[in-house]
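Trainee: Next come the chains, spelled out residue by residue.
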Amino acid sequence: MALSLYVEQPSVLHQRHPIAKVLAMLLLFVATFVLDDPLMLAPLAVLVLCGAWVGKAFGILWRLRWIIGPVFVFTVLLWTVFYPVQANEPVTRAHAFRFGLGMATKLETFILTGLVFLATTTVEEFAYALTRLGVPYRASFVLTLAFRLVPVFLDAALTVRDAQRCRGLDFSRGGIVARIARYVPVIVPVFIGGLRRADQMAFALEVRGFSAERKRTTLPRAPVDEYDLLLVGVTLALAVLYLAFWIRGVGAVGSW
Amino acid sequence: MTGLSLSVRELHCRYLDPDTRALSGVSFSAAPGETVVVMGESGAGKSTLLRCINGLIPSLTAADCRGQIVLDAVPILGQPVGLLAGRVAMVFQDFDAQLFSTNVRLEVAFGPEQLGIPGAEIERRVAANLALVDLADCTTRDPSTLSGGQKQRLAVASILAMHPGLLLLDEAATDLDPAGRHDLYETLQRLRSGRLTMVAVEHEIDPIMGVDQLVLMQRGRVAGRGRPVELVHDLALFERCGVRPHDLALLGARLDIELPLEVDAAIERLRPRLPTGLASRQSAEGGRGLALGLGPVPRVILQVDQLGCTYGGAAPVLQNVTVGIGAGEFIALIGRNGCGKTTLAKHLNGLLRPEEGTVRLDGVDLQTLPLERVAPEVGYVFQNPDHQLFASTVAEEVAFGPRNFGLAGAELAQRVTDTLTAVDLLALRDEDPFLLNKGARQQLAVATVLAMAPRVLILDEPTTGLDYPQQRRMLDLLARLHAGGTSIIVITHSPWVVAEYAERALLVGEGSLLFDGPLAALLADDALLAAAAFELPPITRVARALGIEGRDVAAVARALGGGG
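So the sequence lines, in the order shown, correspond to chains W and G. For what it's worth, the numbering used here labels the leading residue of the first sequence as 1, then goes sequentially. For what it's worth, the numbering used here labels the leading residue of the second sequence as 1001, then goes sequentially.
The shape of chain G in the complex, shown without the other chains (with noise of 0.2 Å):
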């Protein structure tokens, strides 16, 4: 493979229908071999500039588009899809969608035999592709058997074996949990010293430092570019941006230091900062912070003995699991893709009957009550918001769940305007709900299951998707929830939400509870956290070596000398 160039020039696309401005005079180039790294919030028009470079756009979507992408001196843009094949590759989110093979390797073969490759030739190149993303071992396995890790990795080597010259990933690491995350990074790694030029859409800083270079995008332009390490430090662009900020990057702002963005020199050029008491004690205990323990135990609503699930087969997906949820508290339920984290949690409101064990709520035992009863008890947010919403307006959304659980009249109507204030949503009630964004689709989801005043709610991995103003905005939601007393349990893969909201963990491996109790006790254990392949963020590790109690960057600053 053989990496191309490519330079965008002045690009200004318009969807037609509905008539929308997507890009406007986007520039960037990138030289064969370099990573160039979109970042953005979402409409910021990253996925239309990608498209638009591998000719999606305007191909299978209308679009008004003008300007130059050129690659390898060849003007493209306008290009028909089929034509580029093979030449521009793309890796999309969803890794379900772009793989439709009843085997490995016949996934790999897919698209060098659309263009035409002699049947030897793909054999070397299945073979060659597999090796490189470490699946060589997998060749016969259904893909829809494979971890969402492999299954993307798999995508990966589906259309490298095309030999393309550049490479565009659209958030392709997104629904992956870290360990997936993990070795897609490494792969790509490996990549970059083939010196293949690839395009990414990306959504978190830290794991793209190294690369050549990043374009900041918003509303359609773009607002910045240069290297990370350049751009990093202009908080204010971050922010118009809709992009979050490099931790070390804010905490070295918020002390009016310049601070290394690695995290053990960053650590080095803190430890004097600390404050005297602070340093001796951390001295004394080698550097174990995050003394964040749980309060009084509270009072339990949930309680789970037992618990086993095979779903017919014969590897357990879970058991063995004895866990209680209290009223009042804020749990991350973390592991690996497929570690039965899902399916605990719908033994927690009824979705699944346990073969093995019990499940009770206040003392009941789940199996003698209709899951009618619990679902107003313990509500569920599904992790896709379009699998719950069907309605013709935000508010006929709302009003479903507390409708069939016989609210009516002046009584649903409050009930579904205060929900809507609640989540944000009050302007919007009038909306169809399938025109929203998808975090505003998130927010609406929440508020569905909200409306049924549920003492516990359940969400799996709601942040996943959204873009970081609309991460914030449903994380400052479940806090406030949180705050008024109910009982959250998010399942999450994403480090920083669990090492900012979280006071309890319970991480689930191999279909058992490897751990439950308070976060800082999870976040202080290296083995537990190699386990569930959990990387903590910069700034969690800098509070965690220098003994500081503190979840964020504001917490950090404050307990360093510096403005929250």
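Same shape as in the complex, but just chain W (with noise of 0.2 Å):
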């Protein structure tokens, strides 16, 4: 099982500066953020995919369809039908559609973004950035370290779930209350489990000198170049365009 969501990938992506990528996601995020007009975020997430084209990133997408496809379909639906309308209110279902449809483009780009990114970036380009950007490196390698362990607690789980089926553990009878009791047998092994893993990280980490105190060095980076400055530059433009149309109120709801 591949532990980590990054893909090799001789990449035009790939190759950009880690700080580059950081604050071009975090410039995506803010223009996505602003509004709320599907017409206007459906630029954003075309352009979030042909990222994903240019990364080599359409694999992790398409392994993770059954998050993206069903996030997608839920929102609008669930702001469809839950979106307050009502009588002699100029807001209506079609309004409630048309919202719907913004929040789950919006969703779907914020998680493409962060998947291009993810696909394209290693955890330790992720933690270098970060700390570039200011954050403390224990803080950054603890939040990157954090994507490399999901999948492995997700993978013990699993195993944890099939060693508990052949003891005739049945997770799909009785009541709400009586499955998620019977998670118990599951939630302990993979807790334990995770302490004892935890234990033995942090020694193979201190081994390995994160605590030594000294001054840390990478190995040697590409430096900045015109290409990371072009993407930075475009999403910066983005950003600033987008907050521009929210502060005159293009693309809010009352709007439409």
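These aren't lab readings, by the way, just hints derived from the structure by calculation. Source: prediction; values computed, not measured.
The calculated EDC-like cross-link candidates involving lysine to aspartate or glutamate, where the alpha carbons are at most 20 Å apart (straight line), are:
no., chain 1, residue 1, chain 2, residue 2
1, G, LYS1346, W, ASP162
2, G, LYS1346, W, ASP155
3, W, LYS215, G, GLU1123
4, W, LYS215, G, GLU1121
5, G, LYS1438, W, ASP199
From these two lone chains plus the hints, build me the complex, please.
Mentor: Okay, structure coming up:
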């Protein structure tokens, strides 16, 4: 089982400086966050999909289609049904659907941006960028380590589930409370195993000098180049443009 | 790299929580470039000793330590582990828990980066050390995709890149298959010739006969110390320390002769002792002994036909596997790490559904049976006992399975008692499972499955991580179950376990069943053994060369006229 979303590829996005990629991701998040209109958000989603194509990350998106697809569908449905629409109000059910579509596009753009970033950036590059942007090294390392450990714990949980199924544990029987209670034989071993593993990992990190209290160095990296500047420049321009739309009220619900 | 001298003098260590004495006056020393191997049963203090040397104790584990540890004339006991990083390095048993980078190159660079080594020098060290462990072609690979042996060699390269003067190995070869173990030992041999000082905790005596010093520990004390060839004949010492003795030393004692410890020399020394009839037959057959065949063909319980599995990938994990599992068989399922053994085993009890082919239980296709119907018939004990233990007492843990299958009241209580009696854990029935030692937890894991009274019991590496007495207890338990009629399938990397206990072998390689037949036929086939990287134990090689039908030291000794 591959333990990270990162896939080594000879792509233009993979070769970008990690700081440029982190800044571009944050700027895209800002642009995506401020508006609700799906027509305004669609170009951003398309741009991110182009990024996935350039970064050869479609494999990851396909692998996670069971998350990406339902998130879109359910977000549209939920907002369409539950958006507060009242008689004699200017907001109609069509507005609600459009709002739901906007929310779904926004959510998917966030997810896809994050996935493209993780598919083209190693956790070490991520930690390096965060450190250079002022985040303490230990905090950035722990954050990036979490990305690697989530699949490990998922794998352990699946093994434990199989082990308990072999002992007759049936997760599909009974009501909701009974079903939740049946997860105790899974949760306890995963939790205890997680603690043991964390202990071992802490030992291994210490032996590798994690708290050596010396000034850290890194492997030589390619310097920031014009393509990195272009990436940050384009996303910065988008963020400024969308902030301007937001300030002027363009793309907000009431303007439709 | 230059090896550093190490001197441990009167080292005492007491853990503070819970209050436990772990080391009592341990002393030994290693000159620069020497290799010292530490052996002993679980709880003897081996890992504690290593962790005191590299500062993990008392830096990260609260303990009261007294005595002296001197590294190149500098006392280091109690120094923070971070300060020692770079001079003292350690490789752990669990290779997955010590790799945290996304590719091999970054993994090796991690340590030097923490030490502030200039980038260009890190680049040079990465290349040099990956070449040293034969991973130079894997720089961009995700460590999680490497084999167990490759991972452990990567762990070695990662700490060697920090240029330590002392390398500590805490059961580094334990989780590896024979091929991985062989590669790791070869790498360590290269380091020895490079004059790096090493202290290693090991379980097997045969691979470490060439080291400079062996330290045998018992209950936190040094029970014996010297060159392996000097200590190996003290069988009482080995037994006291819970270490499996060298086959040939034990055979020599049984025959009351001084037997060379090299297999070829031992064979020549023993040949004149062969009974006349056996000698002439052995001469005619060219020394192919071990004529252990299977008995009558047993009734088939599980039948696998044309099984194929890809896990959705392009390359098949298993293809065209056809095999039958009979009543009352003892089968060893062997092959290299990642060859598909566990995948095959999980198909046998319905945990995995066949993508191609069929698996039948008593003639019924498993596809048509829910797992709850199969699990009580075909029990599966996972490799890590901690993957299934959760209850607050040993008895509750054992009761969980049968209760799920409808057993209750006095019948359930009786089943729990019977099961705990069978695995020798009755006295611990009210203990907390998590407070048991690894061997007892492994026995309990078997008990949890055994309580469902399966006809077939599958065990995934049940002896890994156990010391010799614990391994023997586990294997004797399996032998008793087998004698009682249960079919046993053991996935194992331990050649002596296979040689002494199995009747039939299934060898899986590259997704196919490379061999299915009597164990003796496999042990006589050099090509297959090489394909499986399966190194025969010394006693098996002797028996094979002399044409003796014996699978352990006692049987070979009897055949040669000695006491069993």
